[in-house]
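Peer 1: The lines below spell out each chain.
There are 4 protein chains.
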Amino acid sequence: MNAVAYERAPSWSVSQWMNARDDITLESLRGSVVALHAFQMLCPGCVSHGIPQAKAIHAAFPPDKVRVIGLHSVFEHHEAMGPVALAAFLSEYRLGFPVAVDQPAAQGPIPLTMQAYGMQGTPTLVLIDKTGHIRLHHFGQLDDLRVGAVIGQLLTEPFG
Amino acid sequence: MNAVAYERAPSWSVSQWMNARDDITLESLRGSVVALHAFQMLCPGCVSHGIPQAKAIHAAFPPDKVRVIGLHSVFEHHEAMGPVALAAFLSEYRLGFPVAVDQPAAQGPIPLTMQAYGMQGTPTLVLIDKTGHIRLHHFGQLDDLRVGAVIGQLLTEPFG
Amino acid sequence: MNAVAYERAPSWSVSQWMNARDDITLESLRGSVVALHAFQMLCPGCVSHGIPQAKAIHAAFPPDKVRVIGLHSVFEHHEAMGPVALAAFLSEYRLGFPVAVDQPAAQGPIPLTMQAYGMQGTPTLVLIDKTGHIRLHHFGQLDDLRVGAVIGQLLTEPFG
Amino acid sequence: MNAVAYERAPSWSVSQWMNARDDITLESLRGSVVALHAFQMLCPGCVSHGIPQAKAIHAAFPPDKVRVIGLHSVFEHHEAMGPVALAAFLSEYRLGFPVAVDQPAAQGPIPLTMQAYGMQGTPTLVLIDKTGHIRLHHFGQLDDLRVGAVIGQLLTEPFG
Numbered sequence: 153m154n155a156v157a158y159e160r161a162p163s164w165s166v167s168q169w170m171n172a173r174d175d176i177t178l179e180s181l182r183g184s185v186v187a188l189h190a191f192q193m194l195c196p197g198c199v200s201h202g203i204p205q206a207k208a209i210h211a212a213f214p215p216d217k218v219r220v221i222g223l224h225s226v227f228e229h230h231e232a233m234g235p236v237a238l239a240a241f242l243s244e245y246r247l248g249f250p251v252a253v254d255q256p257a258a259q260g261p262i263p264l265t266m267q268a269y270g271m272q273g274t275p276t277l278v279l280i281d282k283t284g285h286i287r288l289h290h291f292g293q294l295d296d297l298r299v300g301a302v303i304g305q306l307l308t309e310p311f312g
Numbered sequence: 153m154n155a156v157a158y159e160r161a162p163s164w165s166v167s168q169w170m171n172a173r174d175d176i177t178l179e180s181l182r183g184s185v186v187a188l189h190a191f192q193m194l195c196p197g198c199v200s201h202g203i204p205q206a207k208a209i210h211a212a213f214p215p216d217k218v219r220v221i222g223l224h225s226v227f228e229h230h231e232a233m234g235p236v237a238l239a240a241f242l243s244e245y246r247l248g249f250p251v252a253v254d255q256p257a258a259q260g261p262i263p264l265t266m267q268a269y270g271m272q273g274t275p276t277l278v279l280i281d282k283t284g285h286i287r288l289h290h291f292g293q294l295d296d297l298r299v300g301a302v303i304g305q306l307l308t309e310p311f312g
Numbered sequence: 153m154n155a156v157a158y159e160r161a162p163s164w165s166v167s168q169w170m171n172a173r174d175d176i177t178l179e180s181l182r183g184s185v186v187a188l189h190a191f192q193m194l195c196p197g198c199v200s201h202g203i204p205q206a207k208a209i210h211a212a213f214p215p216d217k218v219r220v221i222g223l224h225s226v227f228e229h230h231e232a233m234g235p236v237a238l239a240a241f242l243s244e245y246r247l248g249f250p251v252a253v254d255q256p257a258a259q260g261p262i263p264l265t266m267q268a269y270g271m272q273g274t275p276t277l278v279l280i281d282k283t284g285h286i287r288l289h290h291f292g293q294l295d296d297l298r299v300g301a302v303i304g305q306l307l308t309e310p311f312g
Numbered sequence: 153m154n155a156v157a158y159e160r161a162p163s164w165s166v167s168q169w170m171n172a173r174d175d176i177t178l179e180s181l182r183g184s185v186v187a188l189h190a191f192q193m194l195c196p197g198c199v200s201h202g203i204p205q206a207k208a209i210h211a212a213f214p215p216d217k218v219r220v221i222g223l224h225s226v227f228e229h230h231e232a233m234g235p236v237a238l239a240a241f242l243s244e245y246r247l248g249f250p251v252a253v254d255q256p257a258a259q260g261p262i263p264l265t266m267q268a269y270g271m272q273g274t275p276t277l278v279l280i281d282k283t284g285h286i287r288l289h290h291f292g293q294l295d296d297l298r299v300g301a302v303i304g305q306l307l308t309e310p311f312g
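Chains as they are written, first to last, in my numbering: chain A, 153 to 312; chain B, 153 to 312; chain C, 153 to 312; chain D, 153 to 312.
By construction, these hints were calculated from the structure, which means they are not laboratory data. The C-beta atom is built at its ideal place from N, Cα and C for all residues, glycine as well. There are no misleading hints in this set.
Under 10 angstroms between C-beta atoms, here's a sample of chain D residues computed to sit facing chain C:
1. Met-193
2. Cys-195
3. Pro-196
4. Val-199
5. Glu-228
6. His-229
7. Ala-232
8. Leu-238
9. Ala-239
10. Phe-241
11. Ser-243
12. Glu-244
13. Tyr-245
14. Arg-246
Calculated cross-link-like contacts (lysine to aspartate or glutamate; reagent style EDC-like; alpha-carbon spacing at most 16 angstroms):
15. C/Lys-207 with B/Asp-295
16. A/Lys-282 with A/Glu-179
17. A/Lys-207 with D/Asp-295
All chains should be modelled from the sequences, with the hints used to inform the complete structure.
Peer 2: Here's what the structure looks like:
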């Protein structure tokens, strides 16, 4: 492995954090594997598959080793998925990990972090290694075995 | 069976209909079995169980024999589940049957139809016979076999 | 409904009963709805769908109203699915209802009851009404709502 | 990691191989991660969970990197799970990976490989690293994320 071969994960543009005492920068997570789970609260595939997988990752690994971060990247039905609605959703679905509201763009429906990562839709899972590089970027459903295998590999990599 | 033994289903108080050309009164459905499915769009049990069951009922029986009616009975997180959000939800989850927005009460969080039926929460399934009487009233999850059995029985009953 | 329109269910040819103190004839079940579930213990669709459905029917209805009868109709891999293997299977999978071993034919792989009912394979569900007539005959997977609806209808029919 | 800390995986005692052209020794698999899946064909937890997981591992990873080996470790109902029955089972359930029949013991119900590994029952999953050491030994159900993570870690380890 040669880390320089992997794309550096862009910084996050966040209008609001939920389930978090303070803002969380990607930079502050160096040394941990980061599972960035982009979703929309009214996206059926996110609710049936993506969010349960993010919760499972959160449950399966020590929180200092694997950091699960939700990213609410609203690109449709904006009026139905504002922060108040999201707060109700997080409470009802009992998401225990921090969730960032992806910063809306000045123009167009696609929020800024979604743009920076070139995401095609939701759910999208991005796995970022300890040094801040993107190692998996998947739109849609990806089975737990494959996701687990990448996480397991990234956990073995040295840091610092 | 003696129909007078069963409670007459109360009329519906509806602030808005979706997926319907015109308002639908319970009275206009006499002669059909009615499956009234009360839900909230952000209620996890509704999304994982109640709504799929309502869709399955809609798919399994001829629409003139069994009428499936959704009832959006919001009693919590009102600000997150208004009509605009509900319209987005119906579109995303592809609900094909009419959905009534339960009329909010002048006071208190429980909407009027939910009050009139004495519902304890969501999801609630109410099966109403051809003459407008309540034959099943279930809060929570009820397996398809038992639901099907009641529908099958009600379908055999004479009308008119 | 005119009962003469329905085919009379053939008698069962049984080489051995399991989970039953005495032999059970179809005739002795008059007055009950009978759910005859034909299966093979090594048929994946039977194990994943048919048997769970038969167990669910057994659990959902009073045993004197709906009698669930398993029928082990072996038409392939005969050497792997003899009575000793079946007994182990019934114990492991905790089938609580009576199971009849379908009588092997003198010639050919298809056992006698399977032949008499014209079954195409396993799993097959046959619903027989209180007067001994076939009201549903389904090869493969049939959803619980539809199965429940037929059972519910048959339960309402008069007997005697 | 210090490989000497891990128990060396015992050799397999096999009375018969299925789905394999030749006998397969554990030693011959050095350099690959080995997923040894011990099951009984009439064990419900094996059929519902263990075997699907083994098939998923077989599908998710390149066969030269991760070798999936089934081990039919019969310790009960021996008369129902002989080689003829197993062959029917493998055909019906479409297991595509090699399956070893665990060598019955001269005395007692527990076959030899099951004894050597100290397995408590079925299903049991054993993950063996490239150098032949046991890295995971789990009786019962273990979620795909955790299994995947161990496999992912083992894949990164050097060999030779």
